[in-house]
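Peer 1: What follows is each chain in one-letter form.
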Amino acid sequence: MISNLPTRYVPDGSSGRGGFSDVIYCSDTHLERRVAIKTIKDPSEEKRLSDEIAALLQIRSKHVVQLFDVVKHDDSVAIVMEYIDGEDLFTSSYHHQSEINLLKVLWQIASGISDIHDVGLIHRDIKPNNMKLDNEGIVKIFDFGLSRNSGIDAVTIGFKGTQGFSAPEQYTHAEVSFTNAIDVYAFGITALFLATNNIPQELLSMPPGKVPVGAFDCPYLDPYPTLKALFERCLELNPVDRPSISKVRNEISKFLLFDEHQAIVVVNISQGSSLLNASRRNVKIALDPIGSFEIHYNGLNFILDKVKGEVFVNNILAKSKNEIPEACVISLGGKWRHSRERSFVTFDVSNPEVTL
Amino acid sequence: MKGPHKQDDIVDDRYQVVGFVGEGGMQFVYLANDLVLDRQVALKTPKNPSAEKRFRRSAVVSAKVNHPNVAKTLDYLEVGSRAYLVEELVVGGDLAKSILEKVDYVDPFLVARLFHHLSKGLAASHHANVIHRDLKPTNIMIVDDFQLTGVKITDFGIAKMATEELIEAAEGGEDSISASDTAVGALPYMAPEAIEDPRGVGLEADIWSLGAMMYELLTGSKPFGSGLKAVKRIISADYDEIPSFVNSNPQFGHLSDKLVTLIKKCLTLNPKDRPTADELVVQCGLFCYPISERYFGTMKTPNNSNWGFISEDSIGDVFYHVNCIYGSRPQPGERVMMSKYSGGGADRALPVVRMKK
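Respectively, the protein sequence lines represent chains A and B. Here the first sequence is numbered in numbering that gives the first Met the number 0, starting from 0 and rising by one per residue. Here the second sequence is numbered in numbering that gives the first Met the number 0, starting from 0 and rising by one per residue.
Next up, chain B with everything else stripped away, as it sits in the complex:
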């Protein structure tokens, strides 16, 4: 177990450490039992105890936001020189682990749904005048992977701390940027003004970051690439053109067109020209996307050039037509993620997305 704690440590007579969840750039995260309320929680503590003051500010800030799409702040405590934040335990993985690492890109139906929920969480925080400042896939928690039972933005407070580190990194030049894990992870999603004037960022920086994430989900690529080369492209809002597969299939084109339009608005250079979170909620509400369950299966040898069957893991064969596939056509034997609908004979799949090996 990493960080200051080992199994069964009890913090402040209340939180018993039962496991190590992971570490972010700024903090260690433990799974803990709340002995007073007999429930499991996420227990976070800064990696650098001297950051205690900033950690407390961050806890206070995140506690102001109360929305189903934001992980809830439950408690804050200090024991000696060490500070702890207790947060609602979100059982699942972050957006990177749950979704991005499993598929090359995500079908527009699922992207629209994620976009809608994240806009709502962001709107609630912006109503409380809380800027996240560090929205990125590892700060979004997903319950049940592709089923999206829960979508929660987390680490609101931490972002402010990260900003301090980012500012130090930015002011220290290229060497310190590449030395900072936090900066490297956040960079592809950072708004141009967050790079040029980190102390002056407003709510609009979160909108940019959300747009950059949605771009990556829909296309499978980061809009400005990664690493230091991205900086130059971000500050001129020079993103890669959307690949043609995103819009070319009439089965998805209507929704993809709308998603792309909204994503491009989020990635507008001038912060004032970006939509507000409230406007995003309204636009996403007009998308109209299906919320059907997702299944997994293996492509069988196609019956002809247009259609074939997928052997679904628990139920049996599911019919597919090539136009139900989002992106490149999976080869026989490859794993796919799909929704399916009952049909005469066999169920019919839509959409079908290839999974990474």
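Chain A extracted, bound-state conformation:
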């Protein structure tokens, strides 16, 4: 099939095929590693390869496949990409091993799409078959053959995309203009498929209809009603009603880090410090009879509660049921009092980061 690749690339006999392209797996003899080489079947589709090259060169994301080389092939070109040793998300079962695994996969997909949108691109073909999970548990998005810059040239004639994953606005018969909200829609369907292994009939019609009530109900997502509601909003029929993908990513990260936060509470320095976290959720601090308060950790936030008397957060009178700023000084006793009648508590949250 591939007749004239540079000699450094030796086909290893395996191959795959996509809608408009063939992928040949080769050994790169210079670096003794596998690479995936993508060629087009029909020379008239060359624009799709050049779009893909342009897209891959703009994006810097750990969740997007790496481009190594562009080589001549017959009358056209072929692109040489890193070979991802792992399953695509259509066949992988990693995300069904635990709720956290599903959230990790969805967070990475949302991060990857967010990186793509950050450079002004739209992927246009987000689906589980176009993502792979590598041996280190990193999700990589590939197949940018349909990608476009957002803005005025985001117009196409006729349907381009994958049925079931394409947003309603992509089915308009005349000239179709679109925004990066189509990737958010496709993310919503991808999340639905990965969580439930099913795409309801209403969403498979052309164009798709409203998402059925309870479509996201499943053991993996039932613990996270907020996320279910957010994913449903990704499937809003009107693109402007869908959340941005960075918002989706940030919301997922909150739950990935659930119960992982820690706060350090230091009372008057000399009296030592205590930690608040999942194993110790409450602390009560009092300077009788001047004032007292409690801090409670609910897994997502630290909440100031049961405030009595003179309690100030960063010099502002404190109220119960409020989230505490991530680093602050809580003082008991007003400024007018003698220092013996005042007590200072420093409060600092360690926000964990999502690492994969």
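Keep in mind that the hints were calculated from the coordinates and are not lab data. Note that beta-carbon positions come from the ideal geometry of N, C-alpha and C, so glycine has one too. One or more hints might be untrue.
Unchecked claim - Listed below are the simulated DSSO-like cross-link pairs for lysine-lysine, each with C-alpha atoms no more than 30 angstroms apart in a straight line: (1) B:Lys257 / A:Lys283; (2) B:Lys228 / B:Lys52; (3) A:Lys71 / B:Lys221; (4) A:Lys253 / A:Lys61; (5) A:Lys61 / B:Lys96; (6) B:Lys264 / B:Lys299.
Said to hold, decoys possible - Residues from chain B that keep clear of chain A, each with C-beta distances beyond 12 angstroms, as calculated: (7) Gly2; (8) Lys5; (9) Ala58.
To be verified - Chain B side only, calculated, beta carbon under 7 angstroms to chain A, not exhaustive: (10) Cys287; (11) Gly342; (12) Ala345.
Starting from the known structure of chain A, fit chain B onto it as the hints suggest.
Peer 2: Frame of chain A; chain B shown alone:
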């Protein structure tokens, strides 16, 4: 421009030299334009062309590792007798230039974050059975200095070459060790078994080196000192006691204690008793450190013995309490690095670390 190339040289019709980045013990590094893909890359070539064979082995080895915390190997080529390795361009400086040369020591929050990311990169390489062998601050690339936008281990392959040189140096005795730049730079981070039996080192040697680097970040001193005197102390795992400022402040003590415990485990004499990279990833994951942006400012005259203000470069005055300072208290007029959080009146700084002059 040093080495075999000058500006605008084109290597193999593809890589156009646009600048000189620097040199390591073994290689010259150029900034180059990849003319095929129209992007910038790092182009590396050995200082000693006769090392070509080892250079290729090193490229093949590093190409096996694929992780966000490891600089990616993009290409390898030979032109005549000269070999080239093309690597992802990491825009930034190495850990020594970006961090160590700017502050006396690094606050535990930032150390924990670096430790976590480096453990992950190392775990990915150890999964591929690749030993780095030469982990040291100049082999770690940092994007955006203290913001740590990127943390990438580099020169995996080169390490094997360096090892060959180190072995020659070690077998040649003290004169050749001090003659080898590579050996001098690597020595403070070298595991005892890498000194005693360089050909037999395993993955555990990288764990030791990582521990030694984290020790230096947290305390500001190399655990065994530097120069040849360090050798004797390394082979008996005789590191300096951790200075008291590291743990004494309750604002940092909880995290410092955990960091010190883990660092000491990495610096265990028997390689088998050290944690694996996977175990380090798990332990670092439990640290819980803030990832807030870093700012820079100048200490003002303190309002009293306990607190005062820092004039922040772009925003204005930031409140500090002495207990938010990691290490020695900076004098008025001295530069500091800090994170800050919004507060009533003025923002509040935590942590505050003095910068070198």
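Peer 1: Have a go at the B:Ala345 hint: is there a Cβ in chain A nearer than 7 angstroms to its own Cβ?
Peer 2: violated (9 angstroms)
Peer 1: Do the numbers back the hint for B:Gly342, that is, is its least Cβ distance to chain A under 7 angstroms?
Peer 2: holds (4 angstroms)
Peer 1: Run the distance test for A:Lys253 versus A:Lys61: straight-line Cα separation, threshold 30 angstroms.
Peer 2: Holds, because 20 angstroms separates the two Cα atoms, which is no more than 30 angstroms.
Peer 1: Beyond 12 angstroms from every Cβ of chain A: is that where the Cβ of B:Lys5 lies?
Peer 2: holds (25 angstroms)
Peer 1: Check the hint pairing A:Lys71 with B:Lys221 against an upper bound of 30 angstroms on the C-alpha distance.
Peer 2: Measuring from Cα to Cα gives roughly 52 angstroms; hence the hint is violated.
Peer 1: Given the hinted pair B:Lys228 and B:Lys52, is their Cα-Cα distance within 30 angstroms?
Peer 2: violated (34 angstroms)
Peer 1: Does B:Ala58 clear chain A by more than 12 angstroms, comparing its Cβ with all Cβ atoms of that chain?
Peer 2: The claim is violated: B:Ala58 sits with its nearest Cβ about 6 angstroms from chain A, within 12 angstroms.
Peer 1: Can the hint on B:Cys287 be confirmed by a CB-to-CB distance to chain A that is less than 7 angstroms?
Peer 2: Cβ of B:Cys287 sits 4 angstroms from chain A, so the hint holds.
Peer 1: Need the status of pair B:Lys257, A:Lys283: alpha-carbon distance at most 30 angstroms?
Peer 2: holds (26 angstroms)
Peer 1: Quickly compare the C-alpha distance for A:Lys61 and B:Lys96 to 30 angstroms and report which way the hint goes.
Peer 2: holds (25 angstroms)
Peer 1: So is B:Gly2 really clear of chain A, every C-beta pair being over 12 angstroms apart?
Peer 2: holds (21 angstroms)
Peer 1: Quick one, are B:Lys264 and B:Lys299 close enough, alpha carbons at most 30 angstroms?
Peer 2: violated (40 angstroms)
Violated hints, listed in ascending order, are 2, 3, 6, 9, 12; each of the other numbered hints is respected by the structure.
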